[in-house]
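Colleague: Here are the chains, one letter per residue:
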Amino acid sequence: MTLALEPRREHRADSSAVIGALVRRTLLRVRRMPAAFVPSIVMPVFQLIAFSGAFGAAVRFAGVENAMDWYVPLNAVQGASFGAMGVSFGLINDMQTGFFDRLLMAPTRRWTLIAGPMAGSIARAALPILLVVAVGFAGGMNVPGGWLAFVTIGVAAVGIALVASAFALGLTYRMRNMGAATLTQFAVFFTIFLSTSQVPLSAMNGWLHAVARVNPMTNVLRLARQGLLGDVTWSQSWGGLLAIAVMLVLSSAFALTGLKRLER
Amino acid sequence: MTVAVSSSSGLGRLLTHTAMLTRRSVRGRLRQPAALAPSFIFPLFFAALGAASFSRIAERPDFQEIAPSFLNYNAAGAILQGVLFAAVSASGDLATDIEQGFFERLLASPVSRTSIILGRLGSAMVVAVVQVIVFLSIFIAFGARIETGVVGFLGMMIGGALLALAMAGLMSGIAVRSGSPEVVQGSFPLVFALMFLSSAFFPRIYMTGWYRTVADWNPMSHIVEGMQSFMNEPLAADQFLRAWAIPLVVAVAGIMFALRALSTRLKAL
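Residue numbers (numbering that gives the first Met the number 0), protein chains in the order written: chain D, 0 to 263; chain P, 0 to 268.
These are computed hints drawn from the structure, not numbers from a lab. It should be emphasised that the depicted structure is a prediction, and the values quoted were computed from it without experimental measurement. A few of these clues could be false.
Just a sample of chain D residues kept apart from chain P, beta carbon distances all over 10 angstroms, derived [unchecked claim]:
id, residue
1, Ser14
2, Phe36
3, Met104
4, Arg109
5, Leu126
6, Leu129
7, Leu147
8, Arg212
DEER-style ranges, computed between Cβ atoms [claimed, not checked]:
id, chain 1, residue 1, chain 2, residue 2, range
9, D, Ala125, P, Pro188, 20 to 30 angstroms
10, P, Glu98, D, Met32, 14 to 24 angstroms
11, D, Asn92, P, Gln184, 14 to 24 angstroms
12, D, Asp100, P, Pro37, 47 to 57 angstroms
13, P, Val248, D, Val210, 36 to 46 angstroms
14, D, Ala125, P, Leu14, 30 to 40 angstroms
15, D, Pro38, P, Leu14, 33 to 43 angstroms
16, D, Leu126, P, Val213, 18 to 28 angstroms
17, D, Asp230, P, Val133, 44 to 54 angstroms
18, D, Leu126, P, Leu265, 41 to 51 angstroms
Covered by chain P, per the in silico footprint, the following chain D stretches (three or more residues, Cβ under 8 angstroms) [as the list claims (entries may be wrong)]:
id, segment
19, 54-67
20, 85-97
21, 191-205
Cβ atoms here follow ideal geometry from the backbone N, Cα and C, with glycine treated the same way.
Using the sequences and the accompanying hints, generate a full structural model.
Modeller: Okay, structure coming up:
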């Protein structure tokens with residue numbers, strides 16, 4: 000009897016089933032280790048309250064009616080990005096326990112090993128996004144853009160969760176230690192804060208204005224905020240959508256090349 | 000590192016052992032720059048971010064009554080943030096000593112029990128003094144000015160050291176009680192909340208509602224405003240009262256809590 004090294008097409012697991020199983024595994028980890036998940040819920044909510052309370056005057060002076068209108072999208076995006084840390088920790092754990100080797104030996108397409116954890120990060124992002132929006136409502140958030148405002152917040156937050164998780168995967172495949180999660184957190188943190196995170200571009204000056212103007216996160220936050228500051232328009236949307244698309248392509252390529260390097 | 004034990008007794012013995020354990024602790028911290036770096040990098044990053052984000056607000060007449068620039072306003076907040084980060088980290092090291100067994104080796108030696116705690120607190124104070132010097136040097140290089148001059152510089156240095164003593168004392172109590180670095184790090188969000196719900200990053204006059212009420216009652220607001228007034232106001236007695244006396248009172252309570260936790264742990268052995 001000969002062993003086929005390359006599994007025939009019909010023997011490969013259905014990709015959507017593999018991704019679904021990896022998402023369920025992510026959620027199972029959340030259920031088994033809630034202590035590791037709680038900070039990703041608490042921190043965005045606390046930061047929303049702290050920023051609105053402390054820096055509220057800064058955005059009101061810049062023409063924003065309610066500080067929540069400015070900080071809800073920021074914290075939804077940041078809260079969603081925390082899922083990437085969970086993806087990195089989960090992958091390290093799988094590498095240490097040998098589960099990842101079993102995944103590599105399984106008759107699955109390689110890209111599903113990237114897409115699965117990325118889809119898992121969307122599942123992890125859902126609760127922080129919903130909680131931040133709920134606290135925003137409690138704080139008197141305005142929604143002049145109607146239901147489309149929530150669509151743009153969701154698209155921006157989920158987009159950043161996907162980008163951050165792909166980046167985290169790429170780093171973890173290369174570093175194979177907890178440092179990857181820390182570096183991911185730093186990268187996301189600095190990218191978000193070096194944009195219009197705290198105040199509008201018009202209120203900034205000097206180096207931060209120059210950096211925030213070219214930082215793609217500024218476009219993403221503009222996409223997320225537009226429905227809370229006015230109508231949702233294409234002119235306010237396309238820059239953020241393009242930024243997410245480009246970052247997603249680059250970070251996914253980073254993750255795929257990292258996986259190939261790991262296999263070698 | 001070996002801890003040499005002198006044959007002297009009483010206070011002299013306590014001070015000698017505390018100095019030795021402080022030196023060990025400081026060296027241990029210097030050997031792990033990655034653990035110490037966040038307490039320097041993040042406060043300076045936030046200070047730079049704040050100065051660039053809020054400098055236009057600093058031109059308002061009501062802000063000018065508080066500080067001549069946002070950089071001047073921000074210096075005390077950066078010191079507070081850095082000192083608190085480092086103090087929590089120093090207490091985490093004490094919990095690591097317990098977890099990894101070095102604490103028990105110390106107990107097996109004739110070293111003063113109290114100095115085990117005080118040594119850690121001493122190192123937190125040394126790091127705080129270095130932080131204040133580094134932070135103020137950077138702020139001055141970027142254009143900040145200390146209204147009270149050298150006295151204010153020293154005032155903030157001592158204030159920073161006392162604040163480190165206070166926070167490290169409280170956190171050391173938690174470290175000794177739990178013996179777990181994770182529990183100490185898990186307490187950090189409380190410190191983070193205390194810091195944000197104060198006037199460390201933005202003046203109280205611009206806060207409203209319940210947030211303002213919390214900031215008014217938060218001792219951190221008064222400590223940081225004491226330090227801010229060293230930067231921005233002429234020399235006055237209340238600066239010392241707020242920047243020194245409040246942390247000193249908390250430090251006494253913190254040390255008592257830590258020593259009590261140590262006593263409980265020793266009895267349980």
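Colleague: Now look at each hint and say whether the structure bears it out.
Modeller: Hints, verified against the model:
1. Ser14: holds, 38 angstroms
2. Phe36: The claim stands: Phe36 (chain D) keeps its Cβ more than 10 angstroms from every Cβ of chain P (closest is about 14 angstroms).
3. Met104: Holds: least Cβ distance 34 angstroms, greater than 10 angstroms.
4. Arg109: holds, 33 angstroms
5. Leu126: At about 18 angstroms from chain P, Leu126 (chain D) clears the 10 angstroms cut-off, so the statement holds.
6. Leu129: holds, 21 angstroms
7. Leu147: holds, 29 angstroms
8. Arg212: The claim holds: Arg212 (chain D) sits with its nearest Cβ about 12 angstroms from chain P, beyond 10 angstroms.
9. D:Ala125 x P:Pro188: 20 to 30 angstroms: holds, 22 angstroms
10. P:Glu98 x D:Met32: 14 to 24 angstroms: holds, 20 angstroms
11. D:Asn92 x P:Gln184: 14 to 24 angstroms: Once the Cβ atoms are compared, 19 angstroms apart, the range 14 to 24 angstroms for Gln184 (chain P) and Asn92 (chain D) holds.
12. D:Asp100 x P:Pro37: 47 to 57 angstroms: violated, 34 angstroms
13. P:Val248 x D:Val210: 36 to 46 angstroms: Taking Cβ atoms as reference, Val248 (chain P) and Val210 (chain D) lie about 42 angstroms apart, which means the hint holds.
14. D:Ala125 x P:Leu14: 30 to 40 angstroms: Violated: the Cβ-Cβ distance is about 57 angstroms, outside 30 to 40 angstroms.
15. D:Pro38 x P:Leu14: 33 to 43 angstroms: Holds: the Cβ-Cβ distance is about 41 angstroms, inside 33 to 43 angstroms.
16. D:Leu126 x P:Val213: 18 to 28 angstroms: With a Cβ separation near 26 angstroms, Leu126 (chain D) and Val213 (chain P) satisfy 18 to 28 angstroms, so the hint holds.
17. D:Asp230 x P:Val133: 44 to 54 angstroms: Given range 44 to 54 angstroms: holds, Cβ gap about 48 angstroms.
18. D:Leu126 x P:Leu265: 41 to 51 angstroms: holds, 44 angstroms
19. 54-67: Satisfied; 5 residues make the cut.
20. 85-97: It is violated: at least three residues are needed, and the segment 85-97 of chain D offers just 0 whose Cβ sits closer than 8 angstroms to chain P.
21. 191-205: Held - the segment 191-205 of chain D has 8 residues with a Cβ nearer than 8 angstroms to chain P, which meets the minimum of three.
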